[in-house]
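Trainee: The listed protein sequences derive, respectively, from chains W and Y. Here the first sequence stands for residues 1 to 639, where the numbers follow our numbering. Here the second sequence stands for residues 1 to 360, where the numbers follow our numbering.
Just to be clear, a hint being listed does not mean it is correct.
[To be verified] From chain Y, some residues computed to sit far from chain W (all C-beta separations above 12 Å):
1) 15
2) 22
3) 25
4) 95
5) 97
6) 139
7) 312
8) 340
[Unchecked claim] Here are a few chain Y residues that face chain W, going by a calculated C-beta distance under 8 Å:
9) 114
10) 137
11) 176
12) 200
13) 201
14) 208
15) 213
16) 214
17) 247
18) 256
19) 259
20) 272
21) 304
22) 353
23) 354
[Said to hold, decoys possible] The calculated lysine-lysine pairs, modelled on DSSO-like cross-linking and capped at a C-alpha distance of 30 Å, are:
24) Y:7 with W:6
25) Y:92 with Y:63
26) W:6 with W:70
27) W:171 with W:156
28) Y:92 with Y:7
29) W:70 with W:130
30) W:70 with Y:286
31) W:156 with W:130
32) W:70 with Y:56
Honestly, the hints are just simulated from the structure, not real lab data. This structure is a prediction, so every number in the text was calculated from the model and none was measured. Cβ coordinates follow ideal geometry from the N, Cα and C atoms, glycine included.
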Amino acid sequence: MLIERKALETFLPALAGLGQPELCEHAAALGFPVDGQEAVDGTVVLDIDVTANRGDVMSHQGFARDLGAKLGAALAPFALPAIEEGPARVEVLLEAEACPLYATALLTLGAGATPEPARTFLTHMGAPAKGLPAVDASNELLHLYGHPTHAFDADKLRGAIRIRYARAGEKLVTLDGVERTLSPEDLLIADEAGPIALAGVMGGDPTKVTETTRRVLLESAYFDPRTVRLMARRHNLHSDASHRFGRGADPRMPRVARDLLVARLQAWAGATLEGAWAAGSEPAPAAPIAVANDLLERIAGEPIPPGEASEALRALGCGVEASAAALLVTPPSWRHDLAIPEDIVEEVLRLRGYARIASTLPPLDAPPRTALTAYGFRSRLATRLAHAGFHQTVTYGFVSPESEAGFALNAEGRTLANPLGREYSVLRGALLPSLREVAGANQRRGAKEIRLFEIATVFEASPDGPVESMRLAFVWGGVRGGEDFLTPARPIQPADLAGVAKDLGFPPEAIEVRALEGGLYGVEAPLEVLAWPSERCIPAFAPFSRHPVVERDLSLLVPMDLAYRSLREAVVKALPGTGVLRRADCVDVFRHKSLPEGRQAWLLRFAFQADRTLTGEEVDGWMEAALAAARSLGAALRT
Amino acid sequence: MDASDLKLLPPDIAEAAATFEAQLDACGTLDALMRLKGTFTGREHSLAARLMEALKAAPKEQKRELGALANQLKNAWEEGIKGRQEALEAVKRDHAAAASRVDPDLPPPMPLRGALHPLQRLQDRLVGIFAALGFHIEEGPEIETEAHNFDGLNIPGDHPARGSSDTFYLEQHPDLLLRTHTSPVQVRVLRRLAPELEARGGIRFVAPGRVYRKDDIDPTHSPMFHQVEGMLVGKGIGMQHLKGTLEYAMRALFGPATAIRLRPSYFPFVEPGAELDVSCPLCGGKGCRVCKGSGWVELLGAGLIHPNVLHYAGIDPEVWSGFAFGLGVERTAMMVSQTPDLRLFFENDQRFIRQMGGLD
Ligand SMILES: [Zn+2]
Numbered sequence: 001m002l003i004e005r006k007a008l009e010t011f012l013p014a015l016a017g018l019g020q021p022e023l024c025e026h027a028a029a030l031g032f033p034v035d036g037q038e039a040v041d042g043t044v045v046l047d048i049d050v051t052a053n054r055g056d057v058m059s060h061q062g063f064a065r066d067l068g069a070k071l072g073a074a075l076a077p078f079a080l081p082a083i084e085e086g087p088a089r090v091e092v093l094l095e096a097e098a099c100p101l102y103a104t105a106l107l108t109l110g111a112g113a114t115p116e117p118a119r120t121f122l123t124h125m126g127a128p129a130k131g132l133p134a135v136d137a138s139n140e141l142l143h144l145y146g147h148p149t150h151a152f153d154a155d156k157l158r159g160a161i162r163i164r165y166a167r168a169g170e171k172l173v174t175l176d177g178v179e180r181t182l183s184p185e186d187l188l189i190a191d192e193a194g195p196i197a198l199a200g201v202m203g204g205d206p207t208k209v210t211e212t213t214r215r216v217l218l219e220s221a222y223f224d225p226r227t228v229r230l231m232a233r234r235h236n237l238h239s240d241a242s243h244r245f246g247r248g249a250d251p252r253m254p255r256v257a258r259d260l261l262v263a264r265l266q267a268w269a270g271a272t273l274e275g276a277w278a279a280g281s282e283p284a285p286a287a288p289i290a291v292a293n294d295l296l297e298r299i300a301g302e303p304i305p306p307g308e309a310s311e312a313l314r315a316l317g318c319g320v321e322a323s324a325a326a327l328l329v330t331p332p333s334w335r336h337d338l339a340i341p342e343d344i345v346e347e348v349l350r351l352r353g354y355a356r357i358a359s360t361l362p363p364l365d366a367p368p369r370t371a372l373t374a375y376g377f378r379s380r381l382a383t384r385l386a387h388a389g390f391h392q393t394v395t396y397g398f399v400s401p402e403s404e405a406g407f408a409l410n411a412e413g414r415t416l417a418n419p420l421g422r423e424y425s426v427l428r429g430a431l432l433p434s435l436r437e438v439a440g441a442n443q444r445r446g447a448k449e450i451r452l453f454e455i456a457t458v459f460e461a462s463p464d465g466p467v468e469s470m471r472l473a474f475v476w477g478g479v480r481g482g483e484d485f486l487t488p489a490r491p492i493q494p495a496d497l498a499g500v501a502k503d504l505g506f507p508p509e510a511i512e513v514r515a516l517e518g519g520l521y522g523v524e525a526p527l528e529v530l531a532w533p534s535e536r537c538i539p540a541f542a543p544f545s546r547h548p549v550v551e552r553d554l555s556l557l558v559p560m561d562l563a564y565r566s567l568r569e570a571v572v573k574a575l576p577g578t579g580v581l582r583r584a585d586c587v588d589v590f591r592h593k594s595l596p597e598g599r600q601a602w603l604l605r606f607a608f609q610a611d612r613t614l615t616g617e618e619v620d621g622w623m624e625a626a627l628a629a630a631r632s633l634g635a636a637l638r639t
Numbered sequence: 001m002d003a004s005d006l007k008l009l010p011p012d013i014a015e016a017a018a019t020f021e022a023q024l025d026a027c028g029t030l031d032a033l034m035r036l037k038g039t040f041t042g043r044e045h046s047l048a049a050r051l052m053e054a055l056k057a058a059p060k061e062q063k064r065e066l067g068a069l070a071n072q073l074k075n076a077w078e079e080g081i082k083g084r085q086e087a088l089e090a091v092k093r094d095h096a097a098a099a100s101r102v103d104p105d106l107p108p109p110m111p112l113r114g115a116l117h118p119l120q121r122l123q124d125r126l127v128g129i130f131a132a133l134g135f136h137i138e139e140g141p142e143i144e145t146e147a148h149n150f151d152g153l154n155i156p157g158d159h160p161a162r163g164s165s166d167t168f169y170l171e172q173h174p175d176l177l178l179r180t181h182t183s184p185v186q187v188r189v190l191r192r193l194a195p196e197l198e199a200r201g202g203i204r205f206v207a208p209g210r211v212y213r214k215d216d217i218d219p220t221h222s223p224m225f226h227q228v229e230g231m232l233v234g235k236g237i238g239m240q241h242l243k244g245t246l247e248y249a250m251r252a253l254f255g256p257a258t259a260i261r262l263r264p265s266y267f268p269f270v271e272p273g274a275e276l277d278v279s280c281p282l283c284g285g286k287g288c289r290v291c292k293g294s295g296w297v298e299l300l301g302a303g304l305i306h307p308n309v310l311h312y313a314g315i316d317p318e319v320w321s322g323f324a325f326g327l328g329v330e331r332t333a334m335m336v337s338q339t340p341d342l343r344l345f346f347e348n349d350q351r352f353i354r355q356m357g358g359l360d
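I would like the entire structure built from these sequences, with the hints used as guidance.
Mentor: This is the structure we're talking about:
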């Protein structure tokens, strides 16, 4: 919100001696940090940040009130023009509780224009004068006092003014030129011909004040904050008025603002007051709030003398009655945000300054929990993959339905109602499509080798809504090696990924390497496939066999179409169990034109160990059995 | 031996003997030396063999003198050749050694090296800092109900954050949304632990995670980002405990000289509410571009838990009180690293991850 320092000083003369940095410090300490400041026309315009609960600070008067309380300085005396209310010149009928008070006046305009100081002020507020005194005066009042008012062209109104809810389908063209279709929750100002304004949000175009306007009917009312907020949201129409009424205007202000507006039009435009009147009455003031001294002490962290608290609250406009154990606090009419005792305590601390709050660590309530959490498990896994050469990625949780083709099902159940675009419309059912995209981007930027992983949530459609689970995915592609004098370059192969998966502890049946495009391969699996590390930090000791390991190789010529898995299974079946067979692996594959056509050579390596020393004869016997098993599948001994 | 002695020899042997030293010097390789050896001292047809033959055939009176001369020559030749052979072998050994030696300054093969994402590292760091204060980790789902994301946090029914222009909703499940903050974890944890609160003596946890808001992607906005939420419930908890905890955490994060300040602010789920500034980690408070000359940077929102939040979770606010805070991981990462564009964190360029991330 913009504040002109010169105007602010008219409300709080004590500011005159205060330096600009000190003013900013005070503002921030009160909860209104200064986002920017600009020196213009011999004064400074500040942009202050006002939180959503403080509609009352959205004016020079409101900001000056808080600053005055902080500085212990009084606001300048308020000179209210003496205007007598008389009989209604136009009947005003309040037909909705959301408008308890509607003050108005009828004036005939004379000659005159918006004076130069007001024009300059409005320019500083980012809302240059329109050259229509009735409009400019209303705007000036809004920025100075925070109470929104409106002027209608009285000659365009027909009959009584009603404040009522809209009938479904009624239409109104608002001042911004947009035709709005109204709903029964919209609170209206209407005349006999229909709607003339969206209450507290924006006036209607047909009844607006123009250069030809001769008579004006003023509106200065109080509207229910929630009703205004909902209207502004429903019509996506956020105006200066809706911001202030929506956060809660001061219910004592309607008559005051009307009188100020009348006085301005008399002074600026030679207006003649035809009559001033009001319908309804102020809403009942809020009930007093009892604030126990204990609560004040608990929140502040130290006892605060009741006198100090009372003084701070009175400075902020509260009524305070002190008893032995509590303060009974009546918030001022403009403070809609003060509802519970904690709100009142915050006011006391705010005026004292949060800087005075002590700094203490809370007492430990229970022994810390040290068990490994799912988060910790994922962190460890990520660290392990990073050490294995992979780069951790963070990609969006939503993707385009097209990118998931072949990776996940039932995108409909995972679709957002209001996505940023089709590209981001489906909560992803798999991680590999995201990694594939990141890999592509890296390749386009010249990366020769791609090593990426992500550990993140995926979603699966269900009748009750998407079910979430954590997955790990990694991709590897391009060329590895060739970057030093010892390691030759070679393309990444699926086996490279299978090795990583195996090393991470994937069970063999969970390892599925998918070929993605561009020499890229990927593995994706639910985190549950990985075993949770044991609670004990060092497992129970199991003795090693002290007998020697016997290692034997078997070189086989095998048909090209023989699957390694079936060969290994058959061979292992022919050998003694895991108590003795410690290893049975293929350690080399050889393909060459020197081999018989349709054959390749596999070198199998076996290791045997038992609780006794094995004899050469028994190992020879096993190797014979292994060879026989291999032969039964069409393999032959390579000599 | 002088030249007159050589006159006793056959002329070709005398000539060879005279040039032996020169021929020996000319042998650059062991092969050439072996040929020379054959010529001078070989078992057959060599000069030494012929010298022996000449000695046998010599007249008796010359035998003694010639015999001494022949021995002298033979010894000289053998020793010359042996010495030369040792020298040449030493050279050969040196060459072999040089050939097998690797220049230690050649770039060695390196183990593969990846990196954790910088957001993960910062998040882990924060979680670790609070773990030291006894805050355990809680997590919640990314898809939430309005009840957990808004109602339980005292966010009014007409709050703009609930609108479809701010929050992502699911098409087939209009009651479900993508959480807009990690605060719904507060609601879940408080409700879950409420029955055992007295037995536990209190609650303290941090909740890291992904959150979603309907913002267009630009240098300072992202529809998905990370937060770390923290909460503590106990008896007699006040603003001083919030301040003490955050002061400890910020000093652990930015260094022991870090100063903090709390300013009044407003969040519906806390009362009193506060904004936390830390002394600028880049200039130490002297004023720079990052802190816009103020010496302070705004880091997180916090406050004492609103009684309505405790009440909603079934906890009596007359007995229990506590504080909560929430910090944006991306915003903090950008501030400390001065990364100019938020999108870099989601582009996942391997170079960026290696540079900004790391392994621990
Ligand atoms: Zn700085």
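Trainee: Taking the hints in turn, state whether each one holds.
Mentor: Structure-based check of each hint:
Listed as a non-interface residue, residue 15 (chain Y) keeps its Cβ farther than 12 Å from every Cβ of chain W; the least gap is roughly 54 Å. With 12 Å as the threshold on Cβ separation, the claim that residue 22 (chain Y) sits away from chain W holds: the shortest Cβ distance comes to roughly 45 Å. With a minimum CB-CB distance of about 40 Å to chain W, residue 25 (chain Y) clears the 12 Å threshold, and the non-interface call stands. A cut-off of 12 Å between C-beta atoms confirms that residue 95 (chain Y) is not in contact with chain W; the least separation is 21 Å.
Distance to chain W confirms residue 97 (chain Y) as a non-interface residue, since its nearest Cβ pair spans about 19 Å, more than 12 Å. At roughly 6 Å, the least C-beta separation between residue 139 (chain Y) and chain W is not larger than 12 Å, which violates its mark as non-interface. Distance to chain W confirms residue 312 (chain Y) as a non-interface residue, since its nearest Cβ pair spans about 14 Å, more than 12 Å. Residue 340 (chain Y), annotated as away from the interface, keeps every beta carbon of chain W farther than 12 Å; the closest lies near 18 Å.
Of the supplied interface hints, the one on residue 114 (chain Y) holds, with its beta-carbon coming within about 4 Å of a beta-carbon of chain W, less than 8 Å. Below 8 Å, beta-carbon pairs count as interface contacts, and residue 137 (chain Y) has one with chain W at about 5 Å; its hint therefore holds. Annotation: interface hint on residue 176 (chain Y) holds; nearest CB of chain W at approximately 5 Å, less than 8 Å. About 6 Å separates the beta-carbon of residue 200 (chain Y) from the nearest beta-carbon of chain W, less than 8 Å, and the hint is met.
Taking 8 Å as the C-beta cut-off, the interface hint given for residue 201 (chain Y) holds, the closest approach to chain W being about 4 Å. For residue 208 (chain Y), the suggested interface contact is upheld, since its CB lies about 7 Å from the closest CB of chain W, less than 8 Å. For the restraint placing residue 213 (chain Y) at the interface with chain W, the shortest Cβ-Cβ distance is roughly 11 Å, beyond the 8 Å limit, so the hint is violated. Hint status for residue 214 (chain Y) relative to chain W: holds, with the closest Cβ pair at about 7 Å, below 8 Å.
Satisfaction of the interface hint for residue 247 (chain Y) is found here, the shortest Cβ-Cβ separation to chain W being roughly 5 Å, below the 8 Å cut-off. At its closest, the beta carbon of residue 256 (chain Y) sits 14 Å from a beta carbon of chain W; the interface hint therefore is violated under the 8 Å criterion. Interface restraint check for residue 259 (chain Y): the shortest CB-CB distance to chain W comes to about 11 Å, outside 8 Å, so the restraint is violated. The criterion of a C-beta within 8 Å of any C-beta in chain W is met by residue 272 (chain Y), whose closest approach is roughly 4 Å, and the hint holds.
Hint status for residue 304 (chain Y) relative to chain W: holds, with the closest Cβ pair at about 6 Å, below 8 Å. Hint status for residue 353 (chain Y): holds, given a least beta-carbon distance of 4 Å to chain W, under 8 Å. At its closest, the beta carbon of residue 354 (chain Y) sits 7 Å from a beta carbon of chain W; the interface hint therefore holds under the 8 Å criterion. About 130 Å separates the Cα atoms of residue 7 (chain Y) and residue 6 (chain W), which puts this hinted pair outside 30 Å; it is violated.
This hinted pair does not check out: residue 92 (chain Y) and residue 63 (chain Y) have alpha carbons roughly 42 Å apart, beyond 30 Å. About 19 Å separates the Cα atoms of residue 6 (chain W) and residue 70 (chain W), which keeps this hinted pair within 30 Å; it holds. Restraint check for residue 171 (chain W) and residue 156 (chain W): satisfied, since their Cα atoms lie roughly 17 Å apart, inside the 30 Å limit. Between residue 92 (chain Y) and residue 7 (chain Y), the direct Cα distance comes to roughly 39 Å. Violation of the 30 Å bound is thereby established for this hinted pair.
Taken as a hint, the residue 70 (chain W) and residue 130 (chain W) pair is broken in the structure, with Cα atoms around 36 Å apart against an allowance of 30 Å. Only pairs whose Cα atoms come within 30 Å are accepted, and residue 70 (chain W) paired with residue 286 (chain Y) is accepted, the gap being roughly 27 Å. A hinted pair counts as satisfied when its Cα atoms are at most 30 Å apart, and residue 156 (chain W) with residue 130 (chain W) qualifies at roughly 20 Å. Between residue 70 (chain W) and residue 56 (chain Y), the direct Cα distance comes to roughly 134 Å. Violation of the 30 Å bound is thereby established for this hinted pair.
When held up to the earlier numbered hints, the structure conflicts with 6, 15, 18, 19, 24, 25, 28, 29 and 32 and fits the remainder.
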